[in-house]
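K.L.:
Chains as they are written, first to last, in my numbering: chain A, 40 to 449; chain B, 40 to 449; chain C, 40 to 449; chain D, 40 to 449.
Any given hint might turn out to be false.
Treat identical chains as interchangeable: a pair holds within one or across any two.
As the list claims (entries may be wrong) - Result set (EDC-like, lysine to aspartate or glutamate): computed pairs, CA atoms no more than 20 Å apart in a straight line:
{"#": "1", "residue 1": "K68", "residue 2": "D260"}
{"#": "2", "residue 1": "K434", "residue 2": "E312"}
{"#": "3", "residue 1": "K434", "residue 2": "E340"}
{"#": "4", "residue 1": "K218", "residue 2": "D391"}
{"#": "5", "residue 1": "K249", "residue 2": "E231"}
{"#": "6", "residue 1": "K372", "residue 2": "E340"}
{"#": "7", "residue 1": "K439", "residue 2": "E340"}
{"#": "8", "residue 1": "K441", "residue 2": "E340"}
{"#": "9", "residue 1": "K439", "residue 2": "E60"}
{"#": "10", "residue 1": "K287", "residue 2": "D405"}
{"#": "11", "residue 1": "K441", "residue 2": "E312"}
{"#": "12", "residue 1": "K320", "residue 2": "D180"}
{"#": "13", "residue 1": "K72", "residue 2": "D260"}
{"#": "14", "residue 1": "K218", "residue 2": "E61"}
{"#": "15", "residue 1": "K68", "residue 2": "E251"}
Bear in mind the hints are in silico, worked out from the structure with no lab data behind them.
4 protein chains.
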Amino acid sequence: MNFSHSQKVIELQERLTSFMEEQVYPNEKEYEKQLEAAGSRWSVVPPIMEELKRKAREQGLWNLFLPQSKYGAGLTNLEYAPLCEIMGRSLIGPEIFNCNAPDTGNMEVLVRYGTLEQKEKWLKPLLNGEIRSCFSMTEPDTASSDATNISARIERQGDHYLINGRKWWSSGAGDPRCKIAIVMGKSNPQAERHEQQSMILVPLDSPGVKIERMLPVFGYDHAPHGHAEITFENVTVPAENMIWAEGKGFAIAQGRLGPGRIHHCMRLIGAAERALGDLCKRIQTRTAFGRPLASQGVIQEWIAESRIEIEQARLLTLKAAYMMDTVGNKEAKAEIAMIKVVAPSMALRVIDRAIQGFGGAGVSDDFTMAAQWANARTLRLADGPDEVHKAQVAKLEMRKYKVKQTEKTF
Amino acid sequence: MNFSHSQKVIELQERLTSFMEEQVYPNEKEYEKQLEAAGSRWSVVPPIMEELKRKAREQGLWNLFLPQSKYGAGLTNLEYAPLCEIMGRSLIGPEIFNCNAPDTGNMEVLVRYGTLEQKEKWLKPLLNGEIRSCFSMTEPDTASSDATNISARIERQGDHYLINGRKWWSSGAGDPRCKIAIVMGKSNPQAERHEQQSMILVPLDSPGVKIERMLPVFGYDHAPHGHAEITFENVTVPAENMIWAEGKGFAIAQGRLGPGRIHHCMRLIGAAERALGDLCKRIQTRTAFGRPLASQGVIQEWIAESRIEIEQARLLTLKAAYMMDTVGNKEAKAEIAMIKVVAPSMALRVIDRAIQGFGGAGVSDDFTMAAQWANARTLRLADGPDEVHKAQVAKLEMRKYKVKQTEKTF
Amino acid sequence: MNFSHSQKVIELQERLTSFMEEQVYPNEKEYEKQLEAAGSRWSVVPPIMEELKRKAREQGLWNLFLPQSKYGAGLTNLEYAPLCEIMGRSLIGPEIFNCNAPDTGNMEVLVRYGTLEQKEKWLKPLLNGEIRSCFSMTEPDTASSDATNISARIERQGDHYLINGRKWWSSGAGDPRCKIAIVMGKSNPQAERHEQQSMILVPLDSPGVKIERMLPVFGYDHAPHGHAEITFENVTVPAENMIWAEGKGFAIAQGRLGPGRIHHCMRLIGAAERALGDLCKRIQTRTAFGRPLASQGVIQEWIAESRIEIEQARLLTLKAAYMMDTVGNKEAKAEIAMIKVVAPSMALRVIDRAIQGFGGAGVSDDFTMAAQWANARTLRLADGPDEVHKAQVAKLEMRKYKVKQTEKTF
Amino acid sequence: MNFSHSQKVIELQERLTSFMEEQVYPNEKEYEKQLEAAGSRWSVVPPIMEELKRKAREQGLWNLFLPQSKYGAGLTNLEYAPLCEIMGRSLIGPEIFNCNAPDTGNMEVLVRYGTLEQKEKWLKPLLNGEIRSCFSMTEPDTASSDATNISARIERQGDHYLINGRKWWSSGAGDPRCKIAIVMGKSNPQAERHEQQSMILVPLDSPGVKIERMLPVFGYDHAPHGHAEITFENVTVPAENMIWAEGKGFAIAQGRLGPGRIHHCMRLIGAAERALGDLCKRIQTRTAFGRPLASQGVIQEWIAESRIEIEQARLLTLKAAYMMDTVGNKEAKAEIAMIKVVAPSMALRVIDRAIQGFGGAGVSDDFTMAAQWANARTLRLADGPDEVHKAQVAKLEMRKYKVKQTEKTF
């Protein structure tokens, strides 16, 4: 288990950090301002975003997430982890480097399972940051934590597929640049439990696709990206839009979600680091009851606990990344499940302490904590709620101690 | 310690509950819709609000918070607790019954310390729900958790006072009906530590009063009520706007904050009850991994812990109310500090569990949890952060065991 | 809900407190010393115990637990709560006042369900503190948290019952004065699930009763009381030893456990209060890193949180007691379950903080914290583990929101 | 940061694991039995111990803790970590491999700072496992968490030192083989704060050394090892018994405590692993309320959280070990402080969950959990309480963000 950073990674860390400090942090408020200035928060992308993307790409800080060297930077998960963490320090960071969810996951799906034609049509513009995409899996009417509940229909009709269903939390669908959705639905209701679902490419301008509304997250609309509720009513797409093959929905989801989950965790570590740093600076400048906040024991305890929790979460993330690289996502499933449980809760606690230390400023948008908190909170649900991952970890753990019921252990 | 409800209270509970079910809950979305439909979220109050206020007043469900029978319902804190809790189940509830912060606290200040003229001019329209008010205490540039840090200036100049300073979290100042601010500031910088501050009435239309911006809370703007940052630049008000007398700022704050704090706690209990009820209903209709959520042990544990925490917080709130009624706010200060620590954290945990149980729906605004969570989070800061209250509880506790340093205890 | 103490209770509180301070605390070490001095820790009861019992009885501080006025003090649960709490401040307290478990529970069973003869033979000497008793329910070979698992056999054979089984955690059986066990076992394996079990009186000197060993609790042997593992091998008792009737085991258990559980909680509150008081005194006499421990923020937070948790647990205990008195144990079952979950965990946290504040002294027996902690830890298991009580609370809570599966709630 | 195990380590892991399974676990009860059978628990060492030591030494599983190859196995901290963890699974494990505290720390002190003569006289028999030693630092009369409070006196008188003071928690002093104490005390009260203390070798049979009593830990006496309170009354030792030099007490303590602390953490991870494994096995054999415990969600959550916490604690321990090896104990002080906070609390939670899952068996000594819990609890105090380590972590963290007070950060 070797977590050492290669020279390449150290150099990328430095360049990313400089870019964040020089280009990203100073433009966070500008991004908000441009968004606010637009007629509607959903109609345009703040120009500063495209400008920053251009700069990042020029500097080679682009598509770092993709392990396959043909399309991306060819970094391993372990190499990408410390870089993704840096991007995650800002909520506008990942998009600037073309490393934002759900596009990264969708690009991975296309790289792994896409046909040449699908790649040409959708992967290429995604890699170029020209279009954006969404992922339509979760449904409002069932407990989607159990993906076998998903009930949208994908039906073969001659050389087409007919799609009907209602999805929500299709993140990114609000963006005017969003052109394509990967939709999960039932193609084979009679098949075996984990072979009933398929994933299919649905252009967002297809007749019958309707964005019903954008869902807020604790008051944040996350415009222009957004989280859409979408209905698919008798939507027709050519049969070649099917990804991989009918019935492969679960198989693709498993492949897609491993990296997706760990990327979220890396970003959350960055968010937590930033909140802790902000807190450490703030408390050195404020005084209450005759003593600087920095010298008050309770606040020191927050700082220590935050540092301790961040360290542990980072190490566990690195271990999961290392395992994904060396034994594969399937063998790493316990570790992936573990960090998916650990990182959001860790970030929520660390950020919450920072909020408390900042007082009123902490819950406002003068700093990034409140927004980062809200984002982190969704990640105890997105890509599987904590409870599902814990059950998975427990199952794998108990398997190590499999007891024959006939044998009396104790 | 008798927490039994009188017949009057039981009857009011029933009427309030009916009103909530028939008038309030069904109009929560309508309120949002009307707000959204207005040109700006800050220019008009949704008409449904005035309509509901009128209905509530007609039914005698009005100004229940005021203990003094001359102006209000004459209920004790203990009697008001179960009623305030019911109103708190909806974020638009309290205003409908003219029981919303910070107006309630401001009205209490005027009832207790206001001159006849101040009462006529400001208390009367507030009691009638015709105008609204804000409370300008906290400042952005100091750790206001220690109120001696407050540095706005209130200077006597002949028969006027000159006011200069910057305040924020002046909640309610966004409302077009908001006409008056109670401003706390330093009038006597040379006086004894707790006699330097005064409170003064400042009409919001005074020259030099500028609402700089409205602060969001986790993405919520809380329009049209809102939380304002306000600058006071050479604002002049007549000397008779001083409340009570110069140097009485702390004394008034203490009197004002006791009831204000406990009202927040009562409302939070209502918010928690609603979230728990929503969760209990939801999980009986959803199934995952082959079993209804309602039968899953982890979710049952959430429900049990929520019920247990609510019960305890309510009992402690009742005890604090009982003590305020019987031995006075000053003698009840440990109990007030305790519930101020307990209720927000309890509500945050209970609501957070409900959010987790609802999945994506929980963080959106389809239900009231996310908004209630954000509101509860501010109450670990507003009216004194948890840490200040805990330090107070500890100080009072240690006093019981005062050890002479010369005597060897152990 | 009236928690006020009657004059009688206040007077008993004062007398009990004096007795504790003058007679009990000063003799805790003496008790240990006498126990240590005996040849074996299991052969004799320290003479100081009988002396203190005599004094307590002389002062009328005797059998306060029994609600029925014929045999005991005739106090309600609500009246007994603050008294039981005082006794619980010392681990040797309850026995001194003849209010110790499991004797109190056993006496209640005999009062409620015993025949005249059973009362004469066993209740009378128990009320007089002449003998002691144990309760043999839990078994080593099954998960006894589910009492239907209990598999000891009680078989009718003519005018006798034949008893076979293995029990453990028969607390009190180590005491040389322990003469009688109430044994729970299966008499009717074919009956309905909750009518298979019976309770029967088994004199400990019956042939076939064998105390296999005494179980320690975190290193404490709790001599001479102790926790026994007992085998019953073809033990024969007269048919009239059956309590109430065959198949009534569950019914009796429910009646017995309600008061038993709440008494444990009352004592735990006393134990927590004592630990908190000891901590408050200690930290005023010690200095580290240039400041008295009493002025360090983290320790103040412990104190505040402890006070807050104790207050809430006490109020919930009083509510449960009040409900037992007014609507009966059955209707109070949610409240009994709640305090049974709350009180042990609360006490464990409060005592643990005190231990941490005392440093090495805290884990030793120089103070009572370590022993009280160990005792409290067993009470997250005894009389039903937390998890069973929480499941019960959840079930009752969900019932309030019973949703018809056909109706779409959300 | 490379945590990979070398072939040597993997092979030692396997051999240690086999030894534990074949020799140690099966003899834990035998050890207790022999101890019990002895006339006194303090007079003899159970013969099985010396037998197991002999076997371990024959197999080369001996003194693995010592990094210096001349005296020990020459393993780095990183290499020793996974081995120490295995030994820590049993409370009698470390002694068998001559890797038990406080002997390991004392041997390290002698290796690093001892004279040739001191090494010959004390280090050699310690390395051979012939004698044992204790470390007398903590005092009953001051808050020893702040080591500058230590007040025992070490006074030079000609060619001797005169020692006076009272120490407690001198662990190991109960062992009949314990021959030597390293005593910390004040030699230079006028010197600079951190140069007032010295460490000196005091043979336990010196006149004036009196073992006052053995302190229990939650009821455990930990015989024959034990935790002694010792008075030193005008004890005289030759000047050459001084370690390193006068005034070097703090410098030695720092060197001694780093490895000592991390060894404790490694062992605690082993203890936690064992408890988790025991729990996983147990729940697969027990049924309650119609379902195996293993299928109950709450218990699965315990298992997942335990696995997650162990993983994180282990990774942080490895990182601290790696840093000690590569940049030195001083540079690794934040990491050492962090694991010293993390590991005991982690172990306490994991073991406590196992206890809860075992029910009554868990608090008894039928399994090792209760004893391991009590041991882990002392480690939130020993070698510095959590609070001191957290303050240290916070101080180091804040230093990264040093803000000049004149510069306005926010």
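K.L.:
Please go over all the hints and tell whether each is borne out by the structure.
P.N.:
Hints, verified against the model:
no.: 1; hint: K68 to D260; result: both (16 Å within a copy, 17 Å between copies)
no.: 2; hint: K434 to E312; result: between (32 Å within a copy, 16 Å between copies)
no.: 3; hint: K434 to E340; result: between (35 Å within a copy, 10 Å between copies)
no.: 4; hint: K218 to D391; result: neither (36 Å within a copy, 34 Å between copies)
no.: 5; hint: K249 to E231; result: neither (31 Å within a copy, 58 Å between copies)
no.: 6; hint: K372 to E340; result: between (33 Å within a copy, 17 Å between copies)
no.: 7; hint: K439 to E340; result: between (37 Å within a copy, 16 Å between copies)
no.: 8; hint: K441 to E340; result: between (41 Å within a copy, 18 Å between copies)
no.: 9; hint: K439 to E60; result: between (47 Å within a copy, 17 Å between copies)
no.: 10; hint: K287 to D405; result: neither (45 Å within a copy, 33 Å between copies)
no.: 11; hint: K441 to E312; result: between (40 Å within a copy, 16 Å between copies)
no.: 12; hint: K320 to D180; result: between (46 Å within a copy, 15 Å between copies)
no.: 13; hint: K72 to D260; result: both (15 Å within a copy, 16 Å between copies)
no.: 14; hint: K218 to E61; result: neither (31 Å within a copy, 44 Å between copies)
no.: 15; hint: K68 to E251; result: between (29 Å within a copy, 17 Å between copies)
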